[in-house]
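**Q** Here are the chains, one letter per residue:
Protein chains: 2
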Amino acid sequence: MTEQRRRATVVDVALEAGVSRGTVSRYVNGGHYVSSEARQAIEAAIRKVGYTPNTAARSLVRQRTQAVGFIVHEPHSVFLEDPNIGVIMLGANSALSTRDYQMVCLIVDSERDTDRVSRYLSGGFVDGAIVVSARDRDPILSVIERLGLPAAFVGHPPGITAPFIGIDNRGASAAITQRLMQTGRRKIGMIAAALDRDSGADRLAGFREALGIAYDPELVVRVPLYSFLDGAAGMRTLLERAPDVDGVVAASDAVAAGALQTLLESGRSVPRDVGLVGFDDSSWATRTTPALSTVHQPAEGIGRAAAEAVLEQIRTGDIGAGGLVLDTSIVWRGSA
Amino acid sequence: MTEQRRRATVVDVALEAGVSRGTVSRYVNGGHYVSSEARQAIEAAIRKVGYTPNTAARSLVRQRTQAVGFIVHEPHSVFLEDPNIGVIMLGANSALSTRDYQMVCLIVDSERDTDRVSRYLSGGFVDGAIVVSARDRDPILSVIERLGLPAAFVGHPPGITAPFIGIDNRGASAAITQRLMQTGRRKIGMIAAALDRDSGADRLAGFREALGIAYDPELVVRVPLYSFLDGAAGMRTLLERAPDVDGVVAASDAVAAGALQTLLESGRSVPRDVGLVGFDDSSWATRTTPALSTVHQPAEGIGRAAAEAVLEQIRTGDIGAGGLVLDTSIVWRGSA
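Which chain is which? The protein sequence lines are Y and C, in order.
No gaps in the numbering here: position 125 of the first sequence is 125 in the UniProt record's numbering, and each next residue is one more.
No gaps in the numbering here: position 193 of the second sequence is 193 in the UniProt record's numbering, and each next residue is one more.
Hints were generated in silico from the structure; no laboratory data involved.
From the three backbone atoms N, C-alpha and C, an ideal C-beta is built for every residue, glycine too.
Hints should not be assumed to be uniformly reliable.
Computed spacing ranges between beta-carbons, pair by pair [as the list claims (entries may be wrong)]:
1) C:I330 with Y:E240: 35 to 43 Å
2) C:D115 with Y:V11: 30 to 38 Å
3) C:A44 with Y:G123: 32 to 40 Å
4) Y:E265 with C:I213: 26 to 34 Å
Next comes chain Y alone, as it looks inside the complex (with noise of 0.2 Å):
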């Protein structure tokens, strides 16, 4: 957390109008019992520190709801079917009520629900908010910047200035790529997702990079989500494509699960005939058989580490910059 991007607060003000900062806090909350120096003061000192009064700010004054938002923009669909999403959310759940935080969940299917979402933020109804799978030029993020809002994000979009907490996409798919090459496959493919979002895109840019010369943009399928049915269908367009396939890294654990039901159902035997690797390393993965390699990444740290950095903003006033990047592995199973 550098102090750069520190926002001002009801003691930069008190202290720059050299009141207390009760007197700023009545200021703030409607002005009385404020004499009409210590306005003046305040006022001035307003403009000095750049201090912003907004619903968020008051409710730091006034009064703390006890609430951070754990905000999911997911289709309902991958909602339900990515459990990686839910141990990050219980992992923030569980750091916030340690701290006698109460986590709200808001799920964002829809546009609709982005601006819903945005003045519920707005409203002053929680002290922080905890944001997964934010797109490119989010409106939530920008609602975020404007109240100054504590809170960090699940993985890193592009252009966002608070905390993050992620795993190096990049690297675990080029090391989870390289594994699979090792084993002698010759002909790899990939099954990518969610190239909308920053871990989607570093997926593939991690495929891409350990295959070096040898990679083909022919053997690379995109999907929209992480999800069964894509995985499902996206290994149907890629044994259209190359039927001797003989490996395939898919973007995410029920990606692979679904390309596994595929290569089973077109009479491939899996690690035997295809080798295939997930990521995630979530219950998908020990639940097809065979089990799935895959990459581990620590759902649960991630979603306690992300609380924990809305909570120090929300201690502190300062709000917080910069990333924090949790350590994968690589899990090795039956599949390839």
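With chain Y fixed as given, assemble chain C onto it according to the hints.
**A** For chain C alone, coordinates are given in the frame of chain Y:
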């Protein structure tokens, strides 16, 4: 929704006191601009009609939050595993979104969470609440009753008076047990789960009812949760007690999926050696091999109906009672 549980509102107070609703509203919100005569009339009226000013009531007259809580009282592990909870939640989210209400999901994982969620509800952050998986004598129920908060329950814990939305767990369980008996199975056991909730207890009661005099308590294994792991463990116990069991009713699809894994590991073929049925028709049912014969319950419709019951109470100011029982059907697939 009957009239008998209707809670007195500010409208009743205004009618009784002979003042405007706005005057009562100002009185409730701190008494600004209320004459002493009006104040006396309002205070007398409040005693007469039995009006209880509380946070939720204040937010009804003052400002609605446009938010409805969705409270899940389940351990974190079950929240992740039970796809039905997610589908109910998203059904509720869709219905609330249509009316421009924000759904805020609150997860109750422990006793500490119970206290915190109770405080959150008391704080007036939501206009109403949908409660899933309430336990017998759940403290959240008494908070909701005390606040007079518009609410609906999914399932029907004993002693609640708020509206509930559910299915006939007992009848549906009896029906699928009978269907399994009709396939010629002669030694049918049950893996019963979640007996501290009406759904779990009713599913066991239906099983017992269908078997009649053939019911053998030794063939019922009781496990704590609607979970894959409890299903796998429960099946191991059942096989120890009765290696020749040829039919199994599982309390949920997740339980059935776990039982299926144990059966396959023990070298039994499903459905040849053992016919297995689940309950819910959740995403588990179509991801096992063979797919599960099960009871379809309209999870999304349950969520929608619960949301609509809460919205109706918010709209009218009447706290309703009574229940809505939605239809189920048997879906017969490959596992029995």
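**Q** Evaluate each hint against the coordinates.
**A** Going through the hints against the structure:
Between I330 (chain C) and E240 (chain Y) the beta carbons are some 38 Å apart, a value that agrees with the proposed interval 35 to 43 Å. Restraint check, D115 (chain C) to V11 (chain Y): a C-beta distance of roughly 31 Å satisfies the suggested window 30 to 38 Å. Between A44 (chain C) and G123 (chain Y) the beta carbon distance is about 35 Å. The supplied range of 32 to 40 Å therefore holds. Distance hint for E265 (chain Y) and I213 (chain C): a CB-CB separation of about 46 Å, inconsistent with the stated range 26 to 34 Å.
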